[in-house]
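**Student:** Top to bottom, those sequences are chains A and B.
Numbering (this note's numbering) for the first sequence: 158 to 627.
Numbering (this note's numbering) for the second sequence: 24 to 328.
One should not assume that every hint holds.
[What the hints assert, rightly or not] In the DSSO-like style, the derived pairs of lysine-lysine whose C-alpha atoms are separated by at most 27 Å in a straight line are:
| id | chain 1 | residue 1 | chain 2 | residue 2 |
| --- | --- | --- | --- | --- |
| 1 | A | K529 | A | K323 |
| 2 | A | K489 | B | K82 |
| 3 | A | K268 | A | K516 |
| 4 | B | K82 | A | K620 |
| 5 | A | K489 | B | K80 |
| 6 | A | K204 | A | K220 |
| 7 | A | K516 | A | K529 |
| 8 | A | K456 | A | K565 |
| 9 | B | K183 | A | K408 |
| 10 | B | K183 | A | K601 |
| 11 | B | K183 | A | K409 |
| 12 | A | K275 | A | K575 |
To be clear, the hints were calculated from the coordinates, so they are not data collected in a lab.
One letter stands for each residue in the lines below.
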Amino acid sequence: MKRLMVLITIALFVFALSACKDKNDKIVITIGMWPDETAKEDVEMFKEWKRRFENDYPQYEIKGQNYEYNVDTFLFMAETGTIPTVFQTWFTEPQKLIANGYVKDITDELKTLGWYDKMDPEMRAAMSANGRTYGVPRDGYGLGLFMNLQLLEEAGLIEDYDHDGKLDLYDSEGNPLYPETFDKLLTMASTVTERLEYVAGFMVLSANKQGGWQFSNIAWNFGADLQVQENGKWVSKLNSPGAIAALEWIKKIKHENNALPSDVSLSYNDWWSKIGQETLAMCIVGSDAIATPFVNMDKPTDYPYAFVPMPAGPSGERYSLFGGTPYMFSAKATSEQVMGALRFLEYMGRSPEMSDVAKQSIEDGMQVALKKGMPILPSIKPWINEDYVSYMENMEQIYCNVNMDYFKDFYALFDSMKRTEEPHYCQEMYKALDGAIQTILDPKGITVNVENLLTTINNDFQKNYMNNVN
Amino acid sequence: MRETMQKIRLKVWKFLKKNAMGWAIMLPGLVLFAFYIWIPLFQNISLSFFETAGTAKVKFVGLEQYQILFQSRDFIQALGNTFEYTLWSMIIGFLLPIIIALILNEVVHLRGLFRTLIYFPNIVPGIAVAIMWMFLFDPNSYGVLNSLFKTHHLWLNNEKTVIPLIVFTLTWKGAGATSLIYLANLQTIDKVYYEAARLEGASAWQRFRHVTLPHLKGQIKMLLIVQIISVFQVFYEPLVMTKGGGPNGASSTLVQLIYQIAFVEGNAGKAAALSVIVALLLFMLTGFYFYFGKERRKHVGKIAK
Numbered sequence: 158m159k160r161l162m163v164l165i166t167i168a169l170f171v172f173a174l175s176a177c178k179d180k181n182d183k184i185v186i187t188i189g190m191w192p193d194e195t196a197k198e199d200v201e202m203f204k205e206w207k208r209r210f211e212n213d214y215p216q217y218e219i220k221g222q223n224y225e226y227n228v229d230t231f232l233f234m235a236e237t238g239t240i241p242t243v244f245q246t247w248f249t250e251p252q253k254l255i256a257n258g259y260v261k262d263i264t265d266e267l268k269t270l271g272w273y274d275k276m277d278p279e280m281r282a283a284m285s286a287n288g289r290t291y292g293v294p295r296d297g298y299g300l301g302l303f304m305n306l307q308l309l310e311e312a313g314l315i316e317d318y319d320h321d322g323k324l325d326l327y328d329s330e331g332n333p334l335y336p337e338t339f340d341k342l343l344t345m346a347s348t349v350t351e352r353l354e355y356v357a358g359f360m361v362l363s364a365n366k367q368g369g370w371q372f373s374n375i376a377w378n379f380g381a382d383l384q385v386q387e388n389g390k391w392v393s394k395l396n397s398p399g400a401i402a403a404l405e406w407i408k409k410i411k412h413e414n415n416a417l418p419s420d421v422s423l424s425y426n427d428w429w430s431k432i433g434q435e436t437l438a439m440c441i442v443g444s445d446a447i448a449t450p451f452v453n454m455d456k457p458t459d460y461p462y463a464f465v466p467m468p469a470g471p472s473g474e475r476y477s478l479f480g481g482t483p484y485m486f487s488a489k490a491t492s493e494q495v496m497g498a499l500r501f502l503e504y505m506g507r508s509p510e511m512s513d514v515a516k517q518s519i520e521d522g523m524q525v526a527l528k529k530g531m532p533i534l535p536s537i538k539p540w541i542n543e544d545y546v547s548y549m550e551n552m553e554q555i556y557c558n559v560n561m562d563y564f565k566d567f568y569a570l571f572d573s574m575k576r577t578e579e580p581h582y583c584q585e586m587y588k589a590l591d592g593a594i595q596t597i598l599d600p601k602g603i604t605v606n607v608e609n610l611l612t613t614i615n616n617d618f619q620k621n622y623m624n625n626v627n
Numbered sequence: 024m025r026e027t028m029q030k031i032r033l034k035v036w037k038f039l040k041k042n043a044m045g046w047a048i049m050l051p052g053l054v055l056f057a058f059y060i061w062i063p064l065f066q067n068i069s070l071s072f073f074e075t076a077g078t079a080k081v082k083f084v085g086l087e088q089y090q091i092l093f094q095s096r097d098f099i100q101a102l103g104n105t106f107e108y109t110l111w112s113m114i115i116g117f118l119l120p121i122i123i124a125l126i127l128n129e130v131v132h133l134r135g136l137f138r139t140l141i142y143f144p145n146i147v148p149g150i151a152v153a154i155m156w157m158f159l160f161d162p163n164s165y166g167v168l169n170s171l172f173k174t175h176h177l178w179l180n181n182e183k184t185v186i187p188l189i190v191f192t193l194t195w196k197g198a199g200a201t202s203l204i205y206l207a208n209l210q211t212i213d214k215v216y217y218e219a220a221r222l223e224g225a226s227a228w229q230r231f232r233h234v235t236l237p238h239l240k241g242q243i244k245m246l247l248i249v250q251i252i253s254v255f256q257v258f259y260e261p262l263v264m265t266k267g268g269g270p271n272g273a274s275s276t277l278v279q280l281i282y283q284i285a286f287v288e289g290n291a292g293k294a295a296a297l298s299v300i301v302a303l304l305l306f307m308l309t310g311f312y313f314y315f316g317k318e319r320r321k322h323v324g325k326i327a328k
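So here's chain A without its partners, still in its complex pose (with noise of 0.2 Å):
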């Protein structure tokens, strides 16, 4: 028994030792945005695009993790440096993230590349802070009325006038049948829930910061800007006259046309369920976030959904808020993993390189998209340069699945709308902005003041943060 035990000591060290002979002196990147095994088409095309990336970098190798990014799991992988080397996070996170020393400080590999100058400037400043980029944006969204045109129909809003087995969204003048103001969304919205039963004409978002994030955008429509700088310091003005404007609005809509569900905690996750279980016409939401109702709803490409600009407030403002879904970088990377990483993205087509390569795996994730059933659209560019986006608005153009002119008045106005969030403690200010709708969305809001509401709000989230600023 002894003897026994000696040789298999022996044996374990020896097998320890020809393990480190044979190390891997190879730079491991892991991407984070590796699919889930079972989307075996996304499996695929990932690994020919780390096939193609390590025959021609073969110092590299990629290893796929398929996280996706929650704040319960997130902490505990930074601390035990478990994070993959590149992760993709929500538009909402990386303040956050860079302030508690989470990612990585990019700045200077993004000049090396020459990817700097070329990303959105506006996108850039979202994920940068001191002047130092911290990640690259996958893509851009804006907000916009997302509407089920089928539920319009059916309350007799809207209709196929030129019989061509399509619903027009547009009269025989060619003006917008969609509401452009909220004045017209309201009246929309009123007409839907009376007309229907079951279905509710619009949806507020309420919970988990979304609500505040949401109502951002609305009170901008109404004139309100939420922060400004006055004596060269900076004031939260939460109870502006557009601010209070906007959620006297919401306060209408919800009491007097009770045009909305009667949940009063609604977040993003409930509204593409609610659209595709046919219980809910119309409501804002992000660019990015179009597909979701097709792809979870399992509706056809061709399903009379549409997503239109932002309408306008009494005074004719419109605003888009405006934001990029980031990658950003695990702080324990070194400087070639990130580099490597963010060579890999030029083999994901999520570069501005217009390389063959690039160009390669664009058109194969445009193929993969297709054979799925998903919706192509034109998207929010994340980077500016000239090859970039024409290569890209021509590769969207052959591929394009969808009816456009469901979609094409929101692109086309886009850029003269896009607005990026306020400048300070956004999250806490759309926290607290939850607060205040969910009070009006409550059946006792209709007996609330909603200045006086908004008055206190906007004295704590000054007293509490803003002071903080100057």
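For chain A, the structure is supplied; the task is to place chain B on it using the hints.
**Tutor:** Just chain B now, with coordinates in the frame of chain A:
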């Protein structure tokens, strides 16, 4: 001085030598306990006195985090709500397991089947229970319960009813398991006492009051404290069912607020301070638990004699 130190060392050595085997057996457990419980506990307390970046301590701020919490509306609301959860759990969820146990104790046929059915909700994963009841409580007219009863209740979207309804779902899930604990105790009561009571002419209520209840008293007290401690830590039901403590924070709890501050806001120092406050409140409740546990052990001891 030297002699005193030598005497102390000798005493310690004798103590350890006498209990060497005991220490050796306890050592792995002590090490694991220290690693997973005590060290993180003291690190957490230490973290609560600092401003943090991630979990790294940046600046010592003393009691500032505690001050910010006590002045925070979210904390005051969550504290009040947590006590409200506890109160409702005593109203809705305290008597029900006892009643179920008393009924099950009288069942003669298919007792095993009834026990399984009563226990069944307890084996359903908590998240699945929360999501199921969230669908049932949909406030729109097409919601399941509103359609069934032809009503237009807001259910979880009503500030007044959200906490009792969440407590109701907790009770639905947990009452069966608790009732089986009471049932086990009921079945240890000697039938002789009931026969003697019947012979004395005692009614059903008198038999319950003078035979059953005294026997259950100690266990009731202990399980009450355990229930209070458990409900005090309610977390994922409001997180899932009301999207983070809605409507307007009416169902938020202290533990959910810890999660919010630690993971969503990324403020480890403030979350650590709040968890210390929750721990102190739970220590107080645990103190009651041990006190009543001592009474129960005395009571069982008397019966054994």
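**Student:** All hints are to be evaluated individually against the structure, with a verdict given for each.
**Tutor:** Hints, one by one, checked against the model:
Simply put, K529 of chain A and K323 of chain A have alpha-carbon atoms about 23 Å apart, close enough for the 27 Å limit, and the pair holds. This hinted pair checks out: K489 of chain A and K82 of chain B have alpha carbons roughly 23 Å apart, not beyond 27 Å. For the proposed pair K268 of chain A and K516 of chain A, the alpha carbon gap of about 22 Å is at most 27 Å, so the pair holds. With a C-alpha separation of about 22 Å, the suggested pairing of K82 of chain B with K620 of chain A holds against the 27 Å cut-off.
For the proposed pair K489 of chain A and K80 of chain B, the alpha carbon gap of about 18 Å is at most 27 Å, so the pair holds. This hinted pair checks out: K204 of chain A and K220 of chain A have alpha carbons roughly 10 Å apart, not beyond 27 Å. Distance hint between K516 of chain A and K529 of chain A is fulfilled; the C-alpha atoms sit about 20 Å from each other, no more than 27 Å. A hinted pair counts as satisfied when its Cα atoms are at most 27 Å apart, and K456 of chain A with K565 of chain A qualifies at roughly 20 Å.
At most 27 Å may separate the alpha-carbon atoms for a hinted pair to count; K183 of chain B and K408 of chain A meet this at roughly 21 Å. Restraint check: the Cα-Cα separation between K183 of chain B and K601 of chain A comes to about 12 Å, which is no more than 27 Å; the hinted pair holds. Pair hint K183 of chain B plus K409 of chain A holds up; C-alpha atoms about 24 Å apart against a cutoff of 27 Å. With a C-alpha separation of about 19 Å, the suggested pair K275 of chain A and K575 of chain A falls inside the 27 Å cut-off, and the hint holds.
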